[in-house]
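There are 2 protein chains.
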Amino acid sequence: MAVYTEVPDEELEAFLATYDIGTLMSYKGIAEGVENSNFMLHTDAGTYFLTLYEKRVAEADLPFFLGLMNHLVDRGINCPTPIRNRKGEMLGRLVDRPAAIVSFLEGISVRRPQPRHCVELGRALAQMHLAGADFPITRRNALNVDGWGPLFSSCRDGIEAYQPGLAQELEKELAVLTRDWPRDLPRGVIHADLFPDNVFFMGDRLTGLIDFYFACNDAFAYDLAICLNAWCFEADGSFNITKARALLQAYTQVRPLEPAEIHALPLLARGSAMRFLLTRLYDWINHPPGAFVQPKNPKEYLTRLRFHRGVASPAGYGLDA
Amino acid sequence: MAVYTEVPDEELEAFLATYDIGTLMSYKGIAEGVENSNFMLHTDAGTYFLTLYEKRVAEADLPFFLGLMNHLVDRGINCPTPIRNRKGEMLGRLVDRPAAIVSFLEGISVRRPQPRHCVELGRALAQMHLAGADFPITRRNALNVDGWGPLFSSCRDGIEAYQPGLAQELEKELAVLTRDWPRDLPRGVIHADLFPDNVFFMGDRLTGLIDFYFACNDAFAYDLAICLNAWCFEADGSFNITKARALLQAYTQVRPLEPAEIHALPLLARGSAMRFLLTRLYDWINHPPGAFVQPKNPKEYLTRLRFHRGVASPAGYGLDA
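Residue numbers (my numbering), protein chains in the order written: chain A, 81 to 401; chain B, 81 to 401.
Calculated directly from the structure, the hints in this document are not laboratory data. Here the structure is a predicted model, which is why all the values come from computation and not from measurement. Hints are not guaranteed to be accurate.
As the list claims (entries may be wrong) - Ranges of calculated distance between the beta carbons of each label pair, as one might list FRET restraints: (1) A:D316 to B:A213: 55 to 61 Å; (2) B:Y242 to A:E139: 37 to 43 Å; (3) A:A392 to B:A94: 38 to 44 Å; (4) A:D214 to B:R136: 50 to 56 Å; (5) A:K376 to B:G102: 30 to 36 Å; (6) A:R166 to B:D154: 40 to 46 Å.
Said to hold, decoys possible - Taking beta-carbon pairs under 7 Å as the criterion, some of the chain A residues facing chain B (in silico): (7) G109; (8) I110; (9) I188; (10) R191.
Built from N, CA and C at the ideal position, the CB exists for glycine as well.
Chain A extracted, bound-state conformation (with noise of 0.2 Å):
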């Protein structure tokens, strides 16, 4: 939730003479993000959304994402584009930061999502699936199965101090995820970081995709179950198996599931809930005292994890097995 870096007007109106898009009118950092700067430009064109990449995001990945959402807007998926300078690229560098500029997206995320939203999550997200199959540029998951145990490692004592007991309890069940990971399902290119925030509604009318900072190769699968666990849970704990069905149901009218992949949900989901733990507990142990900006509350995902650890079939979320 910050602008990290100041842009003095005089750079920027350098950096925006470089690209074709108009007379600036106005910018304004916005308050959103906990990795980058962002700004919002008015031109006399049009409205744009600049991009200053900040440490915590690495270099070499940025000719994915960007790359990424240029190859998703050319097939339709309503997702920002990125802006060619007038030299053809789509990145480059302001106040000594990788910068890009992308289209602006109209629409709101939604707090609360509702069945009808999930609908539309679902259909898009398999839309996304399929229209990255072509992408020629790969990127490991950093988070995956394999990444979570260091992650664990790196802060155990925090964990334990954090919950007692709770340490040996994610020990047990990454012994679970490691043994029993599916590692042959369907893969691509996913999102997975598809949470309310990164979905944008006009009324119940799905507008965009936002964010693709996490976007890796990893299995269909696992990303749908991260949505499960980002959009079918409620404010009090309690899975609503309405908008889980509501949302499977609308993936697999795109692209059909595979029997691998429906047997494996209930891991999967698992999973995404464990990586999301681990990351949180890691932010939340790790951040400054005093500090701005508030690390998420970790407890909802340890109450997702044991949710999903007594779930006995794809059934528990709406699906017929």
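Fit chain B to the known structure of chain A by using the hints.
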């Protein structure tokens, strides 16, 4: 540089339904302003600016601030126009805070003002002073010469810790300012915080004045002295008399200065340097360690205060005394 209050989409939509400004297409928290939470709204009718007033702004002052903007716009001053809701009110409530919507002004703040910007500023400031003449509400300047003493006393030890000897220097200075302060200069509504951040340009043309949340009734020439400090010093601390002359001449072409105002200018400039020095010292001393919002360094205002102390006559600002 922050948004302090999250606005849930349902609450925002209910709030906007009380206005006649079209359908919301997107809203973004703006990373600007240290007092309030600000959002930029796109609707199908245009762009608007939503402010939630946080606790540092006294609710009782809001009719003055909003009424003033409305009054100035009616008299042709380019500043944000408060939008009335369907009940005709400029002030509503959102997330349990006073909230207002104003028109969005295009334009860019100039980080390094040039003499041509000072010409535009001087003219706009004088126009604002004239336009505010018949504004019926008044607001006392809480940060006037009578407020500096208590402010100084509240952080005397911190000031001495900040720079040994400084408390004594400021004490002497305060005594002179209190003794010699001119109390019968022409007065009216002043902006009182017209820094480059609060003035928009497109190219060389001034397109708007914003942020009236320090506006109050005080001497017009004091407002001018604030601008001398805020616009006419270089980054290296040196005073740029060309900019000062440009500012003052442009001002007097719209609203001629009386001899008493011209004569008082060096003292008013000392006073306005003192006012910003003291509030910056206060913020510097009292900000929580590790706070996200880094307070501004008081040092530049100490340099300015000392400069003005050495100015023998208005000729030091490029004016014929």
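Check the following: the C-beta atoms of D214 (chain A) and R136 (chain B) are separated by a distance inside 50 to 56 Å.
holds, 54 Å
Tell me if the beta carbons of R166 (chain A) and D154 (chain B) are separated by a distance inside 40 to 46 Å.
holds, 44 Å
D316 (chain A) and A213 (chain B), beta-carbon distance inside 55 to 61 Å?
About 58 Å separates the Cβ atoms of D316 (chain A) and A213 (chain B), which means 55 to 61 Å holds.
Taking the Cβ atom of A392 (chain A) and the Cβ atom of A94 (chain B), is their distance within the range 38 to 44 Å?
At 42 Å between Cβs, range holds.
Take the shortest C-beta to C-beta distance between I110 (chain A) and chain B; is it under 7 Å?
holds, 5 Å
Taking the closest Cβ pair, is G109 (chain A) under 7 Å from chain B?
holds, 4 Å
Note whether the CB distance of Y242 (chain B) and E139 (chain A) lies within 37 to 43 Å or breaks it.
Once the Cβ atoms are compared, 40 Å apart, the range 37 to 43 Å for E139 (chain A) and Y242 (chain B) holds.
Indicate whether the distance between the beta carbons of K376 (chain A) and G102 (chain B) respects the range 30 to 36 Å.
holds, 34 Å
Measuring from the C-beta of I188 (chain A) to each C-beta in chain B, is the shortest one below 7 Å?
holds, 5 Å
With a cut-off of 7 Å, does the beta carbon of R191 (chain A) approach a beta carbon of chain B closely enough for the hint to hold?
holds, 5 Å
Of the numbered hints given earlier, the model fails none.
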